[in-house]
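Q: Sequence:
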Amino acid sequence: MTSPSPARRARLHARPRLRPTATLLATLTLCGTLHAQGTAAADGQTLSTITVEANSVAGAPPVYPGGQVARGARLGVLGNVDLMDAPFSVNAYTAKTIEDQQARSIADVLVADPAVRQASPSAYGLEFYQLRGFLAYGDDITWSGMYGVTPYGRIPVELADRVEVLRGPSALLYGQSPNGSVGGSINIVPKRAEDDPITRITASYASDRQLGGAVDLGRRFGDRKQWGVRINAASMSGQTATDSMSNRRRVAGVGLDWRGDRTRFSLDLYDQRYRTNDGIGVFAQFSSTTVPKAPRAETNFFPGTYMDASDTGAMFRGEVDVLDNLTAYLGYGQRHHYYTGYLSTAARNVDAFGNFCGNVRGCNNATTLPPGTGYNDTRATEAGLRGNFRTGAVKHQWSLGGQQMSIDAGSSTTRLTPGFSSNIYNPSRIPLTTADYLPLPRSHTSLQSVALTDTLSMFDDRLKLTLGLREQRVSLEGYTPMSANLASPLSNLVRRSSSYRANKTTPAVGALFKITPQLSVYGNYIEGLTSGSQITDTAATNYGQTIPPLPTQQTELGLKWDLGTWTNTFAVYEIKKPSTINVYTTPTRYSVDAEGEQTNRGVEWNTFGQLTKSVRVLGGVAFTDAELTRTARGVNQGNTPPAAPKWKVNLGGEWDVPAVPGLTLSGTVIYNSAAWLNSANTQRNPAWTRLDLGARYTLQAAGYPLTIRATLQNATNRGYWDASWRDGLAILGAPRTFLLSATADF
1 MTSPSPARRA RLHARPRLRP TATLLATLTL CGTLHAQGTA AADGQTLSTI
51 TVEANSVAGA PPVYPGGQVA RGARLGVLGN VDLMDAPFSV NAYTAKTIED
101 QQARSIADVL VADPAVRQAS PSAYGLEFYQ LRGFLAYGDD ITWSGMYGVT
151 PYGRIPVELA DRVEVLRGPS ALLYGQSPNG SVGGSINIVP KRAEDDPITR
201 ITASYASDRQ LGGAVDLGRR FGDRKQWGVR INAASMSGQT ATDSMSNRRR
251 VAGVGLDWRG DRTRFSLDLY DQRYRTNDGI GVFAQFSSTT VPKAPRAETN
301 FFPGTYMDAS DTGAMFRGEV DVLDNLTAYL GYGQRHHYYT GYLSTAARNV
351 DAFGNFCGNV RGCNNATTLP PGTGYNDTRA TEAGLRGNFR TGAVKHQWSL
401 GGQQMSIDAG SSTTRLTPGF SSNIYNPSRI PLTTADYLPL PRSHTSLQSV
451 ALTDTLSMFD DRLKLTLGLR EQRVSLEGYT PMSANLASPL SNLVRRSSSY
501 RANKTTPAVG ALFKITPQLS VYGNYIEGLT SGSQITDTAA TNYGQTIPPL
551 PTQQTELGLK WDLGTWTNTF AVYEIKKPST INVYTTPTRY SVDAEGEQTN
601 RGVEWNTFGQ LTKSVRVLGG VAFTDAELTR TARGVNQGNT PPAAPKWKVN
651 LGGEWDVPAV PGLTLSGTVI YNSAAWLNSA NTQRNPAWTR LDLGARYTLQ
701 AAGYPLTIRA TLQNATNRGY WDASWRDGLA ILGAPRTFLL SATADF
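For what it's worth, our numbering labels the leading residue of the sequence shown as 1, then goes sequentially.
Treat the hints as calculated values from the structure; they're not laboratory data. Ideal placement from N, C-alpha and C gives every residue a C-beta, glycine not left out. Don't take every hint at face value.
What the hints assert, rightly or not - The following label-pair restraints were derived from C-beta to C-beta distances:
id, residue 1, residue 2, range
1, T391, A744, 54 to 64 Å
2, Q545, Q637, 20 to 30 Å
3, A710, R224, 38 to 48 Å
4, A701, G222, 31 to 41 Å
5, G662, N325, 44 to 54 Å
6, D351, A674, 14 to 24 Å
Stated by the list, open to error - Cross-link-like lysine-lysine pairs, in silico, BS3-like; alpha carbons within 30 Å at most:
id, residue 1, residue 2
7, K96, K504
8, K613, K514
9, K576, K395
10, K576, K514
11, K576, K504
12, K293, K96
13, K293, K576
14, K576, K646
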């Protein structure tokens, strides 16, 4: 099936099982032994000096020994903060990690983070994640600290110098996200030209028959290298590891920057095109308490479907040092996203034998999967001041800033036609509809906020106290076509069908104390915001009232231990996320209020760094105790929410083989304990383990550095279900995929 014509498109645009506890203890013991041996070795022999790289991005925290993570990260309005000074749980994964893992998505970059799980299929057109057990939308990922600039669909990691993860809510730091994600924040730091020229060319292969290439160029100009330009372009296409499915992706980006004595400016531009043919990543929903065994990992549920998407974006940032202790900043970004194809693909009512039917209705009245189309246009602006001053022995680092974002979006599907049935173990080619798209419902979202923060440093910077407030305003408007008949002129006109306006003040406080320069303890209280609603239920006693943005509340305590070349962090947290439910005062009388609640309590251990001259580690273990603490009429109350396994383990390591200089072997183990797929706790997904293996070899070819990388994702090719982003849905884990690349630096 072909995508819509340009005219149609223009019209649509009218706007072995692991034991986690034993694993943790054994890993800590082994790592401690290795680190002690590496330290003791210094007494008997001289190890090579560990060099910390200079900043690869102007103003960004330096790289930590081992090269896989940075010493700090950008924390929204707080700016760049050193890991040991941040009263939050945060990691920043470097360009080296992205390259060495041959990452093709954010999920590939975060494969070693136990707080993060991918909640969408690997071949899907959109990205969803679980952070600390709560859904995070790909559209809620920030670009250089700003919402609304990253591609709406898949994130091009080729343009990223770092991927930063803040675990937990972040309303004070970033404001309310477009979709209300509250479990954590992911920030993309774009590449910048470095002081040394970069000319890097990569040729790549991915199973089954995908070929691609990438170019990375960086130069600085001027007598003091004030001007910088970084150009990245990549392309890959061919047959994927999923049966009969192929894809094609092209991305190009330019990063310009100016570094003056008192001024700093940057401009980022990107364009991305992405298409899958003869298949699309899918979700599954089961008809009974029996969850059927997962099919082969390569299974293509919907051969014949397609998805076509494009993203273009731009972002400008500028800073001026008005005084030695006062900086003014301004930022503007925008993005346009368009898609057409099958984004609502789901195998519905899968029975114990694997039989399933169409996407929308039950098997007795099945319907063809309808293709869809849509757009998302976003514009974002921010401006503010940052400064510092003293009051006696107390240092103050303060900020005052405002943000504004507007989103215009619309999506539609075709009319429905007679449907089909299939089986997950032997999928059939589905009938595709060619009907015209229905008129496009549209929406407009406006998010505005002002934030004030102050970080107080005392006792020679050993004690840091961060205080802040953000006033958040939300405006949502929905528009419906005045006619569903495409032949009618009214189908191009819309009427406002819903409206919502509200505001909320959200506070935060964080404290950190350095027991020693290498050991910090911290605590925080911070909130995340999700839009409320206008009560439209006419039977509710509070019909017509407005529920303000709902505050998700986190309290967290943690410890950070930096051994110089190896760091361990520990966190204990509780997150309470409210939701709207019907609250009954009599058997028939009720109101709609924000009285629902899910509570996630957890413990996390994260580790990274260089244990010895040749051994590096990256990963951790997360324990989560999640509960539906308040529900409507007590239904499912006390149950475990879906997609919340008790244990998540991500442990990765690298070893430089002494006998073969330039050769590095790597591996990552990913483990999920059993989890419920639905809130009723009637569909249980068994535990699963995934193994990724890798190797890279660095040599000189004709006098130029050449790095050959090989990666085997899901090495055992195990087919497994994983919980998804919505109650009752599951995704099929990605199949075994072999990645091979050769990168030359000139």
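Q: It remains to establish, for every hint, whether it holds in the given structure.
A: Evaluated hints:
Taken as a hint, the range 54 to 64 Å holds for the pair T391 and A744, whose Cβ atoms sit roughly 55 Å apart. For Q545 and Q637, the Cβ-Cβ distance of about 25 Å falls inside the hinted range of 20 to 30 Å, so the restraint holds. For A710 and R224, the hinted distance range of 38 to 48 Å is satisfied, since their beta carbons lie about 41 Å from each other. Checking the proposed 31 to 41 Å range against A701 and G222 shows it holds: the Cβ atoms sit about 32 Å from each other.
Checking the proposed 44 to 54 Å range against G662 and N325 shows it holds: the Cβ atoms sit about 48 Å from each other. A hinted range of 14 to 24 Å for the beta carbons of D351 and A674 is consistent with their spacing of about 21 Å. Proximity of K96 to K504 is assessed by CA-CA distance (about 40 Å); at most 30 Å being required, the pair is judged violated. This hinted pair checks out: K613 and K514 have alpha carbons roughly 28 Å apart, not beyond 30 Å.
The suggested pairing of K576 with K395 is violated, with an alpha-carbon distance near 33 Å, which exceeds 30 Å. The suggested pairing of K576 with K514 holds, with an alpha-carbon distance near 28 Å, which does not exceed 30 Å. In summary, the hint linking K576 to K504 is supported, as the alpha carbons are separated by about 17 Å, within the 30 Å threshold. Between K293 and K96, the direct Cα distance comes to roughly 38 Å. Violation of the 30 Å bound is thereby established for this hinted pair.
Taking the CA atoms of K293 and K576, the gap is near 34 Å; set against the 30 Å cutoff, the hint is violated. At roughly 17 Å between alpha-carbon atoms, K576 and K646 fall within 30 Å of each other, so this suggested pair holds.
Hints 7, 9, 12 and 13 from the list above are not met by this structure, while the remaining hints are.
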